[in-house]
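J.: Assemble chain H onto chain F, guided by the hints.
Protein chains in written order, with the working numbering: chain F, 118 to 581; chain H, 1463 to 1920.
Derived from the structure by calculation, the hints contain no laboratory data.
Warning: the hint list may mix true and false statements.
Reference excerpt, derived from the structure (chain F facing chain H, CB under 8 angstroms, subset only) [as the list claims (entries may be wrong)]:
1. 139
2. 141
3. 392
Think about it this way: if two alpha-carbon atoms lie no more than 30 angstroms apart in a straight line, the pair counts; the simulated DSS-like pairs of lysine-lysine are [unchecked claim]:
4. 1678/H - 1625/H
5. 293/F - 562/F
6. 562/F - 213/F
7. 325/F - 293/F
8. 562/F - 1598/H
9. 213/F - 1811/H
10. 1678/H - 1598/H
11. 1817/H - 1878/H
12. 293/F - 213/F
13. 1817/H - 213/F
14. 1625/H - 1817/H
15. 213/F - 1869/H
For every residue, glycine included, the Cβ atom is placed at its ideal position computed from N, Cα and C.
The chain contents come next:
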Amino acid sequence: MESEVLNPRSTLEGTHNAPAVPEAFEFVREKAGIREWRLRSNGLQVLLLRNTVAPVATFAVVYHVGSRNEAVGHTGATHLLEHLMFKGTAEYDREKGTAVAAVLEALGARFNATTWFDRTNYYETVPSDRIEVALEIEASRMRGALLRDSDRVPEMTVVRNEYERGENSPFQVLYKETFATAFREHPYHHPTIGWRTDIEGVSTDRLKEFYDVFYHPNNATAMLIGDFEEADALALLDRHFGSIPRSVRPIPEVYTVEPPQEGERRFTVRRTGQVAWVALSWRTAAATDPDTPALAVLGNVLGVGLTARLHLALVEESLALSVTVVPWQLRDPALFSVFAPVRPGVETDAVESRVRSEIARVVSEGVTDAEVEKARTQIEAEVIFDRDSTDQVAASLSEAIAVADWGWYADYPDLVARVTADDVRRVAAKYFRDDALTVGLYLPKQVTGTGPAAPAPVSEVTGA
Amino acid sequence: MSAPPLPKRKVPFVEAIRERTLANGARFLVLENHFNPTVAISGSLNAGGLYAPPDRRLIASFTAGELAKGTARRTKLEIAEELESRGASLSFSAGSGDPVGVDVGAASLSRDVEILLDVLAEVLLTPAFPEEELEKERMRLVGVVREQQDQTSARAFEAVSRKIYPPNHPFHRRTAEERIAAIESLRRDELQRFYDERYGAGTLLLVVVGDVESGKILDGLERRLGGWRSGPPREIPRPPAVAPAPGEETVVMPDKASADVILAQPAGLERASPDYLPCVLANSALGQSSLTSRLGVRVRDTEGLTYGIHSGFSATHLGGPYAVSLTVKPESRDAAVAATLQEIQRFRKEGMTAKELDDEKTSHVGRFKVDLASNGGIAHAVDSAVYYGLGVAYLDEYPSLVEAVSKEDADACFAKRVDPDRFTIVSAGSFGGPEGSSVTESAVSSEGGSHSQTSPVP
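Just chain H, same shape as in the assembly:
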C-alpha cells in the first residue's frame, strides 16, 4: 500500500516566492498570503557560538540577546514600547542546538509591518550594548543558570553533552559554575568586538510571509539594509568528528519525583546530507512519537514506564548527537532503559517494516502540509530550506523526495549512524540514598547485562 496522493498546492513555492539578493550579500524572500492581516518574519545570520572562542561560547547568545537592549537612538524600553504597544514581537537568539546561526523571529499585524522592519533594521545595524543593561542581564542569567540546576532535564542534558563532546567542541556544555564565572566576567567590549566581527549582511537571510505587498517589502528591506557592511563570508568551520564514548553517569538531585534519562551518541548527521531523510524516516518509526513509535508503544503504551519518550537526530549545519530521552520515576529507570535498548537493538537488526515505511512517508508529507498552515509555519519552512542550502524548490519537491526513500536506504542510514552498544547513558534525579547523599550505584552499568538482553519482545 503506497501513500495516497495528496492535493497539490495551487502555486508552487518557486513561483509564489519573490526573492532579492543585495550586493552586500543580504538575501530576502517574500511570500504574499492575504488570508489574515498578519505578517511573520523568520530569518538568520551566521553569528552563533561556533564563531566565539571555545571557552567563551556564550558571547554569541549574549550578543544576540542584547541587540534589542538599546541602540544609538533609543533605549531598551523605548524600543519595547514601540513593539508592545502594537502587539508586535521581535527576537534574536543563538541557542546551543544550532551553533552556527542566530535565529531572527518577528511578527506583527500587517498594518504595522513598516514599523516592525524599522525596528529590526535599527537593532541589527546600531546596537549600543549599554553597560547597565549588560549588568542586569548578568545578574538575571546567573539566576537562570541556578534555576536550570534544579531541573532534571537540564542537568541530564548538560551531563551527557559534557560526556560525549570534548571541551572545545561546540556541542560541549560547560558546568554551571563555569558558565556562571563566564557570565560574571563577560565585558562589554567582548560583545562589541564579536558584533563588529560577526554581524553583517553577508550571511543575513530574512523571510517575510503574510498580508503584504512583496515588491514593497523587498524595496523596504533593501532601503534599510542595503548599506550594511558585508561582514564575514558564509564559511562554516567543521569541528573534528567525535567517536562515541559509551558509559553511564547519574546526577543525584534530591526531591525529584520524576527523573530524566538521556541515551545519546554522536551521529554526525548534517541537515543537508542525502542521508537526512532516510535517517529521519527510520528514526520516526523507532522513536519520534511517544504514542505510536516503537519506543513509545513498548515503554509507554505497553509497560507504562514513562509519560514521554522521544528520539531524534540533532541535524543542523553541523551533525549533532542522536539522543533518546525519557522521564521515569527513579525506581523504573533500569526497566525503562533495558526496554529502550532492547527495542533499538531489535530495530537495528530487523530494520523498518514495509508498513512502517509507508506510514512514515504519509505522515511526513501530511505533517509537512499541516505545518505550512500558518504564516509563521511557512516563514520557518522557507527560512530552513534556504538556510541549509536546500533551496526553495526543496519545499515543492519534498513529497517526492520522501516518497523516493527505500527501506534499504533508511535501514542502512540508521545502522551507519546509531550503534545500540555505544550509547552514553545519563540519568538525573533522586537516585541512591538519602537526600544530600553523594554516592549512588548505577544499576544500568554495562556489567548488568541490560545492553545485551535479547529476550523476546511482547
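Just chain F, same shape as in the assembly:
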C-alpha cells in the first residue's frame, strides 16, 4: 500500500548515481521517497524529495514556533514577526531596493509565509535554476533579520487590517471564540492573529526577543521538493546554512496542559447581519494520538461531499446553506468541529439539535464499512493529489512537521488505511461527550434606531 501510494516510480530516479554528498551532512533516514539529512555543524534538519514533474522546486523552512508559544500581552507576536521578515535582513532590505518580495517576484516565484498555532513557515516555489536565491533568502532570514522599529510601525497597521478582515467573517469569529471558550489554560486559547490590542501594543524589542529565542537552525526544518540533484542541493544548503550557529540556550518547551472539560460550554456572538451560524466543537486528542486517523475518517464520513452524513442531514434537508467539518490536527490536544451557516428562516436550535442527533447516532450505531472505505479512499486520493505539485507536498509536509514529525506524513496513509468501523465508533464514544462540548452561536442582531430595519443596509450615492 505504502509503496504504491507514496513511491511514484520516478521519485528517486538518478539520485543513486549522484555525486558524493558533502561531509557536512549526516544521512538520517529515508521513507516514502523523502530523504532526511542533518547538518552536522548546527543540527538543521533537511528533507529532500525529488520530483521532476516540472522544472521547478519548492524550498521551505518551518520553524517550531507558533501562537502556541505566546503568552499574555504578546499574542500575535509570532505572526507579526513573520510579517517583519519581509521588511529587511542584512542581505535583503527594502531600504536598499532588495526586498525579499521584489527579488522573488522578479523570478516569477510563488512565495509567502504563514503562521499557525504550532509553527511558522516560509516558502518559495521557483524555476529550478534559481533554487539558490530561495536558499540565500531563508538563510538570511534565519539570523539576519533587522527588525527595525520603523518597519514595525507601518506593518502593525497592515496586520491590524488583516485582523479586521477576519472580524468581518462569521466563520473566523466563531472559530476564534470557540478556541477561546474551549481552551482556558492552554495557549490555543488565543488566535494566531492575536488580540487586537496586543497587535497594537507589542514592542519591537519584544519581537526581537522572540526572534532570538526561536529562530535558530536547531529549531527549524528546511525542505526542498522538486527538480534538483541531491548532492548539488546539499552543497548549496551547507554553503548558506552551515555557518549559522545553533542556539546557545535550549528552545523553551510549552508545558501547559488544558485540564479536562467538565461540562458543556456555550457562547453567543450578536452582530448585524442576515445569516446565523452554529458551531459545535468537542475536545479531542493531539495529532500524534493513535485515535487521530479514526477521527480523520469520521471527519470525512460526516463532512466531505454531498453524500456525507451532515451534508445529507443539514443541506439536503434545507436546514443549513453548507456544512464544514474540521477534525483539527494540532501538536497538543485540540477539537473536532462542525460549522454551519443556517438557512434564513430556520432556527439555530434546529441545526444544533440535528448535528447533536447525528453525532449521537454515530456513537450509538457506529458507521458502515462502506462509509469507512469511502473515507479511506478519499484520504488516500488526497495524498496522491498532493504529489501533483511541489508546493502542495511542501504544505502537507510542513503541517506534519509542526504537529508531529515528517515521518508522520509518510506513515499517515497507512495509519488511515488500517482504520475500521469499530475504531470510528470507539473514538466517537470516547470524545463526543456533552461535557466536552462547546457550542457557539453567531446571531444576526436586529438594527435599532431610525434607519431601516435589517436586512436592508443602505446605499448612499455622492459625488459626480
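T.: Leaving out everything else, chain H in the frame of chain F:
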C-alpha cells in the same frame, strides 16, 4: 539588464499534445504526464450568462449547477456516490467574471479516469433537472444571496458593477432583492429550454492532462460524445462599449471592522487582443502584487493602510472592467484612496521604468512556468489558450511574446485603457453615523480634491 534565459521545455506543447476535433465540433486535447497517478480535466462550452435573457442571466449559472443533480438514469446522490467513493470530483460553473463560458473541471486518480469520463458524458448529455432538486437549490441560493449581503467585498462589487454597467449589460449585477425574486421565480422549463438551446458539442472543449494514454482518452471521448448534437455555433455577440461613469458610492454596513473599496472603470480589454500582454505587464508594475507593485509598496508597505491592494483587468472573450480593490479600516479610507489615485496618476504620467519592465518580464515568464507544475495547472493553461483562440503554440511562444513587449507598448496600452480621473469609487463598510444610520457623507467626493493631488510621493 535583460531577462536571464530560462531552461526550455524538453518537448514543445505543440508536439506533446494530441488533439482531435469531431464532426459535431467537439474539440479534445490530451497531454500525457506520467509522473503521478492522477488526471486533471479542464474545459468549457459557450453557455454562460451572455446567452440568457438580460433579466434572467442566472439561468446560465443555475443550469450549469444543476447538470449533475440527476440524469435520465441516476439521482444526484447516486452520481455523487460514484465520484466521492473514489475521491474524484466534477464541477460545472458559469460565473459572472466570464459571461461567455461554462467552466468544466474534473480530477481523479488515473485508475478511475474511465468512470470519470462516463459521469462527465452522462451529466452533459442527459441531465434531468429534477424539480425537487431545483426547489432545494432555490432555497439554498436565496440564503447564499443573503449571506453575501453580509460581506463587504460582495456588496462593493455589486454596487460598482451596477454603477458602471447598464441593466442589460452582461457585467451588470442585479440587486440582492432582484436576484432573490429571479431565483424564486425560476422554472424548470426555463432551464430545460436553455439547456436545449445552448448546450452542444459545437463549442465543447475538453483538455485532459495526466497519467493516461492519449489515444485511449481521445477514442473514449469520441465514443461518448461523438453522437451529441452540435448545438449553436461559437459566435459571441459583443455588448455595446460602455463609457466610464465617474462618481462615488458608499454602502453602509454596520459592525464591519474592515471596509472594502473598489475603484473601477470599463476598460474593454479582451484576452485575445494584441494589447493584452502590454497592458498586463504595465498593470503588474502598478498593482498586481500587494507586496511589490507600486500600489502595494505605497499603500501597504510604506503607509500601512491596508492588508491587501490589487489591481487588474478583467479580460475574457469580453473586455471587462479595470479595477483596484483594497481593504481598510473605515477611518483610513480617504487616505488610502488618495494615495492610490496619486500612484495611478504618477504611473500614467511617467510610465514603467526600464527595471520594472525587465522585472515584470522575468516574473511573468517564471510564474508561467511555476503554474505549469501540476496536471491541473497545465490543463487550465491549455484550456485557456484554446478557449481564447490563441492556440496551443501560444504556450510555447509565450516567453518570446513577453520578451517582445516594449516600454512604449506597455505605457501606451495602459494609458489608452485607464484614466485616473474616470474611476467609479465604491466603499462598503461601517461608515457614517450609528448603526442603522441611513445617511453617510463620502469624504472622497470629487470636490475634496483627492483626485487631483500632485504632492510628491515618498
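J.: Which of the listed hints are broken here?
T.: 1, 2, 4, 6, 10, 12 and 14
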